[in-house]
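Undergrad: The listed protein sequences correspond, in order, to chains E and X.
To convert, note that position 45 of the first sequence is 45 in the working numbering; the numbers rise steadily by one, no gaps.
In the working numbering, each residue's number is its place in the second sequence (first place is 1) plus 1000.
Everything labelled a hint here was simulated from the structure, so no lab data went into it.
Cβ atoms here follow ideal geometry from the backbone N, Cα and C, with glycine treated the same way.
There could be a bad hint or two in this list.
[As the list claims (entries may be wrong)] Computed footprint of chain X on chain E; a stretch qualifies when at least three of its residues, placed anywhere within it, have a C-beta under 8 Å from a C-beta of chain X:
| no. | segment |
| --- | --- |
| 1 | 19–31 |
| 2 | 46–53 |
| 3 | 57–63 |
| 4 | 86–97 |
| 5 | 104–115 |
[Claimed, not checked] Simulated pairs of lysine to any residue, SDA-like, Cα-Cα distance not exceeding 25 Å:
| no. | chain 1 | residue 1 | chain 2 | residue 2 |
| --- | --- | --- | --- | --- |
| 6 | E | Lys109 | X | Leu1067 |
| 7 | E | Lys109 | X | Val1069 |
| 8 | E | Lys109 | X | Asp1051 |
| 9 | X | Lys1024 | E | Leu25 |
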Amino acid sequence: MDGFEVFFVEKWPYLATVLMILIGLYGMVLKRNLVKKLIGMNIFQGAIILFFIIHGWKRGATVPVYDEAFGDLPANYVNPIPHGLMLTAIVVSVATTGVALALLSLIYKRFGTLEEDELLRELRAEPAGAPSSGEMASQREDVEGAEPDDGGQR
Amino acid sequence: MSGHFSAVFFVLALLAAIVALKVKDLLAAAVVLSLFSFLVALLYVSLGAVDVGFNESVLGAGVTGILFVIAIFNTRRRSRD
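Could you build the full structure based on these sequences and the hints that come with them?
TA: Dropping the structure here:
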């Protein structure tokens, strides 16, 4: 019982982070709008980064920059290795979000909607494997556009 | 954790996460997501990770919000859930 109370008093940041991860997972799995799914993914990523930063924290420690008042003892400074790792993770998360948003605007141009159930309905309406008329038209345009260019080079 | 400030930021960040998923207007959801990123950045700074907090407040709250706003103006603003 004592260990239980100590766990809740000392480790509450971990529990709150797990709660944040669950909120992000709820957004990714149960929301039907694709932009909402992406917002859930962003919340998930923030929570994971927070989890690593909490791992590096120590009681009574300061920022990992040398300070005369804190001396040479490593125990007086926060562990900087998770910080370096998470610095990279933030940049990667921004790149992931940009690629996902580009894909979303392509999906919207092709199908005219971002709701998952409407998208699934349109995908089932099309015969599987056969390209739609719009796609075939764009492919034909590509071929026709490439041919005169080839002839000019020869 | 370092004092009561972290607890306040934690509760506010959790509330912002829930609101960002519940709002039906996607532009409002993007703004609340930026707010969430900024609160999490304050949390990083209060945990001693100054560099990570700086990076998150510039990239997470700034660039991600701009990307979301551009994408929402290219598509539809309303969401059904």
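Undergrad: Confirm or reject each hint.
TA: Evaluated hints:
no. : hint                 : verdict
1   : 19–31                : holds (count 7)
2   : 46–53                : holds (count 4)
3   : 57–63                : holds (count 4)
4   : 86–97                : holds (count 7)
5   : 104–115              : holds (count 6)
6   : E:Lys109 - X:Leu1067 : holds (17 Å)
7   : E:Lys109 - X:Val1069 : holds (17 Å)
8   : E:Lys109 - X:Asp1051 : violated (39 Å)
9   : X:Lys1024 - E:Leu25  : holds (18 Å)
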